[in-house]
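K.L.:
Residues per chain, in single letters:
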Amino acid sequence: MNRYLSIIFILIIGCEQPDLHHATAESIYNNVISKKGEEAVLLNFWAMWCAPCVAEFPIIVDLADEYENDLAVYFVSVDWLDEEDKVVSFLKDQGVTWTTFIKDEKDNAFINGIHEEWSGALPFTILYGKSSGEVLDYWEGEQPEKRFRKAIINAINS
Amino acid sequence: MKKFISLILIGCLTILSAKELDLGSILPLGDIKMADISGKDVSLNDAKGKNGLLVIFSCNTCPWVIAWEDRYVELADTYKDKGVGIVAINSNETQFENVDSMEEMQAHAKEQGYNFYYTMDNGSKLASEFGATRTPHIYLFDKKDKLVYRGAIDDNARKPDKVENTYLADAIDNMLAGSAIDPTATKALGCAIKFAK
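Sequence lines, in order, name chains A and B. Under numbering that gives the first Met the number 0, the first residue of the first sequence is numbered 0, with each subsequent residue one higher. Under numbering that gives the first Met the number 0, the first residue of the second sequence is numbered 0, with each subsequent residue one higher.
Keep in mind that a hint or two might mislead.
[Said to hold, decoys possible] Per label pair, the in silico range of CB-to-CB distance:
id : chain 1 : residue 1 : chain 2 : residue 2 : range
1  : B       : Lys-109   : A       : Asp-69    : 45 to 55 Å
2  : A       : His-114   : B       : Arg-157   : 41 to 51 Å
3  : A       : Glu-67    : B       : Asp-169   : 39 to 49 Å
4  : B       : Met-101   : A       : Ala-108   : 33 to 43 Å
5  : B       : Gln-111   : A       : Glu-67    : 41 to 51 Å
6  : B       : Gly-23    : A       : Trp-97    : 41 to 51 Å
7  : B       : Gln-111   : A       : Glu-133   : 36 to 46 Å
8  : B       : Asp-21    : A       : Ala-54    : 28 to 38 Å
9  : A       : Ile-32    : B       : Gly-122   : 41 to 51 Å
10 : A       : Ile-32    : B       : Lys-39    : 49 to 59 Å
11 : B       : Glu-110   : A       : His-114   : 30 to 40 Å
[Claimed, not checked] Below, in silico cross-link-like pairs of lysine-lysine (DSSO-like), each with a Cα-Cα straight-line distance of 27 Å or less:
id : chain 1 : residue 1 : chain 2 : residue 2
12 : A       : Lys-149   : B       : Lys-18
13 : B       : Lys-18    : B       : Lys-142
14 : A       : Lys-145   : B       : Lys-196
15 : B       : Lys-196   : B       : Lys-32
16 : A       : Lys-105   : B       : Lys-158
17 : B       : Lys-109   : A       : Lys-149
18 : A       : Lys-145   : A       : Lys-34
19 : B       : Lys-79    : B       : Lys-109
20 : B       : Lys-49    : B       : Lys-161
21 : B       : Lys-18    : B       : Lys-124
22 : B       : Lys-196   : B       : Lys-124
23 : A       : Lys-34    : A       : Lys-105
24 : B       : Lys-49    : B       : Lys-142
25 : A       : Lys-145   : B       : Lys-18
26 : A       : Lys-105   : B       : Lys-196
27 : B       : Lys-79    : B       : Lys-124
28 : B       : Lys-161   : A       : Lys-105
29 : B       : Lys-81    : B       : Lys-142
30 : A       : Lys-85    : B       : Lys-49
31 : B       : Lys-79    : B       : Lys-145
32 : A       : Lys-85    : B       : Lys-158
33 : B       : Lys-143   : B       : Lys-81
34 : B       : Lys-49    : B       : Lys-79
35 : A       : Lys-34    : A       : Lys-91
Since the hints were made in silico from the structure, they are not lab data. Glycine residues also receive a C-beta, built at the ideal position from the N, C-alpha and C atoms.
Put together the whole structure using the sequences plus the hints.
P.N.:
As structure tokens, then:
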């Protein structure tokens with residue numbers, strides 16, 4: 000019986016698809032603000048061919064799992080829209096089945112809409128406080144696990 | 000105590016993003032010689048035209064560079080004869096031993112038909128001074144060496160035929176005509192410059 004349950008479980012997990020949505024800066028912010036008072040939020044902007052993005056991706060997935068009760072992680076792909084299928088495959092390979100986004104807006108408006116200090120370089124990460132809903136931290140470029148963890152703990156407690 | 004923590008936080012946030020060269024700034028590090036794909040050493044002052052200088056922070060492999068670089072060549076075709084000098088600068092210090100080596104730069108330039116200087120920024124000195132963060136990242140200086148535009152080439156890297164705003168070409172045209180440039184700063188996505196750590 001346990002064996003059958005295990006097989007069913009594996010099939011369910013295997014069939015689970017990433018929940019990828021087209022997004023503008025405004026629609027992403029609406030998701031962020033909806034979490035205010037419930038969870039801290041981490042946005043990570045990435046692309047499949049961006050080596051530093053891919054390198055830090057699993058670190059963020061692990062932290063999303065570890066802090067799942069207090070933290071909402073939204074990955075935002077900025078890959079070309081005609082490569083959306085590849086993005087879905089990548090997310091699936093990484094075990095990301097929760098809500099994620101893919102940019103569907105002109106760069107200039109999108110970048111400025113996310114944060115005025117973001118230059119457009121990738122990867123870009125920004126954190127919002129659990130209680131305050133305000134931007135608490137952000138950075139461009141790849142960072143180690145301890146940098147993410149410190150920022151996440153701060154966001155959960157703010 | 001809260002004020003102290005806030006100050007620390009603001010300080011941390013400030014150093015997380017490079018400070019971009021302010022509009023109106025005078026061309027910095029104009030005399031620094033850089034190795035060019037021609038085999039000669041070239042400075043920004045050498046690259047200047049009589050009516051201005053277009054600086055493009057670039058590299059060999061970034062998909063955004065690959066998508067946009069056909070327009071580098073078009074811009075050079077259009078504006079070199081109008082007295083605007085053009086130089087692409089590779090500041091990816093951590094990749095100078097492999098994909099962004101001088102040999103790779105020469106091969107890439109030949110393949111893409113580069114008709115402008117393409118130089119190696121040892122120590123990423125110019126990228127640091129300009130506050131350049133990504134490739135491509137554009138800086139346009141007028142004939143008095145004053146920064147008049149910075150940011151993106153246009154608003155569609157992937158599909159040149161779908162471009163709606165030719166930011167850079169418009170800025171150059173207005174600069175040459177002595178007209179106001181609007182916008183003077185734009186943003187685009189790009190690959191982070193690989194500074195040495």
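K.L.:
Against this structure, judge whether each hint is valid.
P.N.:
For each hint, the structure was consulted:
In this structure the supplied range 45 to 55 Å holds for B:Lys-109 paired with A:Asp-69, their Cβ-Cβ distance being about 54 Å. Between A:His-114 and B:Arg-157, the C-beta spacing of about 23 Å breaks the proposed range 41 to 51 Å. Separation of A:Glu-67 from B:Asp-169 is about 48 Å and conforms to the stated range, judged on CB atoms against 39 to 49 Å. Checked against the hint of 33 to 43 Å, the pair B:Met-101 and A:Ala-108 passes, with Cβ atoms roughly 38 Å apart.
Range check, B:Gln-111 to A:Glu-67: Cβ separation about 46 Å, and the 41 to 51 Å hint holds. For the hinted restraint 41 to 51 Å between B:Gly-23 and A:Trp-97, the CB-CB distance of approximately 46 Å keeps it satisfied. A hinted range of 36 to 46 Å holds for the C-beta pair B:Gln-111 and A:Glu-133, which are about 45 Å apart. A hinted range of 28 to 38 Å for the beta carbons of B:Asp-21 and A:Ala-54 is consistent with their spacing of about 33 Å.
Between A:Ile-32 and B:Gly-122 the beta carbon distance is about 43 Å. The supplied range of 41 to 51 Å therefore holds. Judged by the Cβ atoms, the range 49 to 59 Å given for A:Ile-32 and B:Lys-39 holds: they are separated by roughly 55 Å. Range check, B:Glu-110 to A:His-114: Cβ separation about 36 Å, and the 30 to 40 Å hint holds. Note on A:Lys-149 and B:Lys-18: the hinted pairing holds, with a Cα-Cα distance of about 24 Å set against a maximum of 27 Å.
In summary, the hint linking B:Lys-18 to B:Lys-142 is supported, as the alpha carbons are separated by about 24 Å, within the 27 Å threshold. The hinted pair formed by A:Lys-145 and B:Lys-196 meets the criterion: a straight-line CA distance of about 18 Å does not exceed 27 Å. A hinted pair counts as satisfied when its Cα atoms are at most 27 Å apart, and B:Lys-196 with B:Lys-32 qualifies at roughly 22 Å. Taking the CA atoms of A:Lys-105 and B:Lys-158, the gap is near 12 Å; set against the 27 Å cutoff, the hint holds.
Under the criterion of a C-alpha separation no larger than 27 Å, the hint pairing B:Lys-109 with A:Lys-149 is inconsistent with the structure, at around 46 Å. A distance of roughly 24 Å separates the Cα atoms of A:Lys-145 and A:Lys-34; the hinted pair therefore holds under the 27 Å criterion. A C-alpha spacing of about 18 Å is found between B:Lys-79 and B:Lys-109, which places the hinted pair at or below 27 Å, so the restraint holds. A hinted pair counts as satisfied when its Cα atoms are at most 27 Å apart, and B:Lys-49 with B:Lys-161 does not qualify at roughly 32 Å.
Using a Cα cut-off of 27 Å, the hinted pair B:Lys-18 and B:Lys-124 holds, with the two alpha carbons roughly 14 Å apart. About 13 Å separates the Cα atoms of B:Lys-196 and B:Lys-124, which keeps this hinted pair within 27 Å; it holds. Under the criterion of a C-alpha separation no larger than 27 Å, the hint pairing A:Lys-34 with A:Lys-105 is consistent with the structure, at around 26 Å. For the proposed pair B:Lys-49 and B:Lys-142, the alpha carbon gap of about 6 Å is at most 27 Å, so the pair holds.
For a cut-off of 27 Å, the pair hint linking A:Lys-145 to B:Lys-18 stands: about 25 Å separates their Cα positions. With a C-alpha separation of about 32 Å, the suggested pairing of A:Lys-105 with B:Lys-196 is violated against the 27 Å cut-off. A C-alpha spacing of about 26 Å is found between B:Lys-79 and B:Lys-124, which places the hinted pair at or below 27 Å, so the restraint holds. A distance of roughly 12 Å separates the Cα atoms of B:Lys-161 and A:Lys-105; the hinted pair therefore holds under the 27 Å criterion.
A hinted pair counts as satisfied when its Cα atoms are at most 27 Å apart, and B:Lys-81 with B:Lys-142 qualifies at roughly 12 Å. A hinted pair counts as satisfied when its Cα atoms are at most 27 Å apart, and A:Lys-85 with B:Lys-49 does not qualify at roughly 47 Å. The hinted pair formed by B:Lys-79 and B:Lys-145 meets the criterion: a straight-line CA distance of about 18 Å does not exceed 27 Å. Taken as a hint, the A:Lys-85 and B:Lys-158 pair is honoured in the structure, with Cα atoms around 19 Å apart against an allowance of 27 Å.
Using a Cα cut-off of 27 Å, the hinted pair B:Lys-143 and B:Lys-81 holds, with the two alpha carbons roughly 16 Å apart. Pair hint B:Lys-49 plus B:Lys-79 holds up; C-alpha atoms about 10 Å apart against a cutoff of 27 Å. Between A:Lys-34 and A:Lys-91 the CA atoms are separated by roughly 24 Å; this keeps the pair inside 27 Å, and the hint holds.
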